[in-house]
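Chemist: The residues making up each chain are set out below.
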Amino acid sequence: DTEVTQTPKHLVMGMTNKKSLKCEQHMGHRAMYWYKQKAKKPPELMFVYSYEKLSINESVPSRFSPECPNSSLLNLHLHALQPEDSALYLCASSHQTQGADGELFFGEGSRLTVL
Amino acid sequence: GENVEQHPSTLSVQEGDSAVIKCTYSDSASNYFPWYKQELGKRPQLIIDIRSNVGEKKDQRIAVTLNKTAKHFSLHITETQPEDSAVYFCAALRGNFGNEKLTFGTGTRLTIIP
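Top to bottom, those sequences are chains H and E.
Heads up: the first sequence is residues 47 to 161, going by this note's numbering.
Heads up: the second sequence is residues 3 to 116, going by this note's numbering.
None of these hints come from the bench; they were simulated from the model.
Don't be surprised by glycine CBs; every beta carbon is placed ideally from N, CA and C.
Please note: incorrect hints may appear among the correct ones.
Claimed, not checked - Among the chain E residues that face chain H by a calculated CB cut under 7 Å, a handful are:
no. : residue
1   : 10
2   : 45
3   : 46
4   : 91
5   : 101
6   : 106
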């Protein structure tokens with residue numbers, strides 16, 4: 047299995063809703079990432095988990111709350127979002143062994159619309 | 003932090019001709035340089051990468067060159083085909099073992115003209 051699977055593919059939510067994005071990989075990767083991508087822009091790093099611990103938070107607002115329940119799963123909990131948070135949210139994973147670090151495997155993304 | 007600049011932002015090439023996209027980076031500690039292709043509505047897909055101990059790498063019609071002294075790297079696509087039309091992102095990575103941070107360039111929209 048060389049896939050990173052994200053659900054849901056599409057999500058529409060109101061500003062008062064609470065929802066979650068999910069990401070799963072079974073490649074034995076120990077690093078997992080959340081990226082945000084706006085239209086016609088490059089992906090922007092939000093969070094990095096390494097061995098199930100949060101290692102990088104790129105000053106993301108607290109209305110985005112990541113969670114890594116185990117080495118295969120990564121969640122992004124959403125609460126009180128703003129319309130400008132509408133974007134494609136990409137999950138990725140990578141090996142963390144010397145010589146192999148860096149290569150990211152991306153999921154298909156979850157397209158979020160905040161009304 | 004790292005800053006990656008990418009040029010050109012758009013590129014139109016006649017089918018069969020070559021395309022070149024250039025990137026520069028600012029952090030000399032960056033040691034891994036991937037290129038991603040992203041088709042409309044799809045995920046970024048790694049097409050080629052190069053590590054800092056290598057100057058050039060080739061995979062069929064795609065090649066990447068790296069000049070660490072000048073802090074720039076380039077993507078070369080030869081014999082372009084319509085299916086090469088997409089947005090291409092370069093990226094630079096620094097850090098390791100849980101602190102890797104991949105910074106993307108601004109992207110190049112490549113259009114192959116049949």
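Chemist: Does each hint hold? Answer for all of them.
Modeler: Against the structure, the hints come out as follows:
Restraint check, residue 10 of chain E versus chain H: the minimum CB separation of about 15 Å is more than 7 Å; hint violated. Interface hint status for residue 45 of chain E: upheld, as the beta-carbon distance to the closest one in chain H is roughly 4 Å, under 7 Å. Because the smallest distance between the Cβ of residue 46 of chain E and any Cβ of chain H comes to about 5 Å, under 7 Å, the interface hint for this residue holds. Interface restraint check for residue 91 of chain E: the shortest CB-CB distance to chain H comes to about 5 Å, inside 7 Å, so the restraint holds.
With a cut of 7 Å, the hint placing residue 101 of chain E at the interface with chain H holds, because the nearest CB-to-CB distance is about 6 Å. This hint holds: residue 106 of chain E has a C-beta 4 Å from the nearest C-beta of chain H, less than the 7 Å allowed.
The structure fails to meet hint 1 from the earlier list, while all remaining hints are met.
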